[in-house]
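Novice: So the protein sequences, as listed, match chains B and Y. Residues 1 to 113 in this note's numbering are what the first sequence spells out, letter by letter. Residues 114 to 348 in this note's numbering are what the second sequence spells out, letter by letter.
If you're looking for bench data, these hints aren't it; they were derived computationally from the structure. Check each hint, because a few of them may be wrong.
Unchecked claim - In the DMTMM-like style, the derived pairs of lysine to aspartate or glutamate whose C-alpha atoms are separated by at most 25 Å in a straight line are: (1) Y:Lys-273 - Y:Asp-252; (2) Y:Lys-273 - Y:Glu-305; (3) Y:Lys-273 - B:Glu-109; (4) Y:Lys-273 - B:Glu-16; (5) Y:Lys-273 - Y:Asp-189; (6) Y:Lys-273 - Y:Asp-235; (7) Y:Lys-273 - Y:Glu-297; (8) Y:Lys-273 - B:Glu-35; (9) Y:Lys-273 - B:Glu-40; (10) Y:Lys-273 - Y:Glu-301; (11) Y:Lys-273 - B:Asp-42.
Unchecked claim - Derived, one-sided and incomplete: chain B residues facing chain Y with beta-carbon distance under 10 Å: (12) Ala-24; (13) Pro-94; (14) Glu-106; (15) Arg-107.
For every residue, glycine included, the Cβ atom is placed at its ideal position computed from N, Cα and C.
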Amino acid sequence: MHEYSIASALLDLVEEQARHHAAARVLAVRVGLGELAGVEPDLLRQAFELARERTVCAGASLEIRQVPARWVCRDCTAALPAGLVLRCAACAGPARLAEGAELLLERVEMEVV
Amino acid sequence: MCEVCGCGDPERVSVELHERILAGNERSAAHNREHFRRRGLLALNLMGSPGSGKTALLEATRRAAPTLRLAALSGDLATERDAERLRAVGIPAHAITTGSACHLDAQMVHHALHRLPAIPLDVLFVENVGNLVCPAIYDLGQAANVVALSVTEGEDKPLKYPVMFRVADLVLLTKADLLPHLPEISVERVREALARVMPEPRLLVVSARTGEGLARWLDWIGAQRQALEPLAVAR
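This is chain B alone, in the form it adopts within the complex (with noise of 0.2 Å):
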């Protein structure tokens, strides 16, 4: 499982932005996540528990935003159903992922005295 290594990344972001803006504690993360980013939601919510003790986002929460996968044609951007095979059924050009691999840091919401 590699949501651990993906946690402690995140908690580098939202450590720096805490710092930037000299916030006392960071009440709540939120994460955009796409369905093939290859990070699973729950695991990462575990592994965020584990690794936020002892930093600036003990006791932060974090909110996971889902984003499914959405694949359109490359060519003439008509949008394809997930689960047949990634050919445009109008011009035959292969698929394109426009959304479904984000990995992102969106929002951090801190305590600034």
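Please arrange chain Y on chain B, whose structure you already have, making use of the hints.
Specialist: Using the frame of chain B, we list chain Y on its own:
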């Protein structure tokens, strides 16, 4: 706290961002990529399950292309066996022992690159830790991802591990010499499964034992080398 105006009370600040969580790894990967570019070196990230035949493929590649200057970095949790096997057939190889880590990251590859001999090389294989999940999301600075899938693993593996097969540039169906013993496995169904997770499926059927398909594998490597940005003429 001051009860008149609230000064000294903590203030709640919310910051909206769009930061890639793996940005640190991506910076290290870009550094490796630049290193490969300067050396005119094709770097391939070779992934696949434990026992899918990654090391055997590299041994067979050495036999099939004796003049191609190969090197390898082999990721392994606990041993140096893969690197030892590769050195035994004449491939300069260095082991990256990851302890409990289930994947290689760009920083590990960066450190290992310093251990490779400074000799002219054509192709560097980064043989990842055997795992169809975690290695898929870590860019190492490679030019392409190659996934080894052995015929005994079953034709539904691409559907079960879509994250890995989506990022593959080439899938090698290995141990093809076993196909006569596996009447239930159809190469066509492997192809169909790949077409549902990989936008431009490329599959080569190979056998390290018999040498089947290795000529096409070497052709693919040749085309990847051709596609490398040409090196600036020496000063």
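Novice: Each hint should be assessed against the structure and marked as holding or not.
Specialist: Right, here's what the structure says about each hint:
1. Y:Lys-273 - Y:Asp-252: Given that 25 Å is the threshold and the Cα spacing comes to 21 Å, the pair holds.
2. Y:Lys-273 - Y:Glu-305: Holds: Y:Lys-273 and Y:Glu-305 sit about 13 Å apart, inside 25 Å.
3. Y:Lys-273 - B:Glu-109: The given pair, whose Cα atoms are some 37 Å apart, is violated under the 25 Å limit.
4. Y:Lys-273 - B:Glu-16: Measuring from Cα to Cα gives roughly 37 Å; hence the hint is violated.
5. Y:Lys-273 - Y:Asp-189: holds (23 Å)
6. Y:Lys-273 - Y:Asp-235: Violated: Y:Lys-273 and Y:Asp-235 sit about 34 Å apart, past 25 Å.
7. Y:Lys-273 - Y:Glu-297: This hinted pair holds, its Cα atoms lying about 18 Å apart.
8. Y:Lys-273 - B:Glu-35: At roughly 13 Å apart (the allowed maximum being 25 Å), B:Glu-35 and Y:Lys-273 satisfy the hint.
9. Y:Lys-273 - B:Glu-40: holds (14 Å)
10. Y:Lys-273 - Y:Glu-301: holds (17 Å)
11. Y:Lys-273 - B:Asp-42: Holds: Y:Lys-273 and B:Asp-42 sit about 18 Å apart, inside 25 Å.
12. Ala-24: holds (6 Å)
13. Pro-94: holds (4 Å)
14. Glu-106: Constraint on B:Glu-106 satisfied, holds at 6 Å.
15. Arg-107: With a closest approach of 6 Å, the B:Arg-107 hint holds.
Figure legend: structure checked against the earlier numbered hints; hints not met, in rising order: 3, 4, 6.
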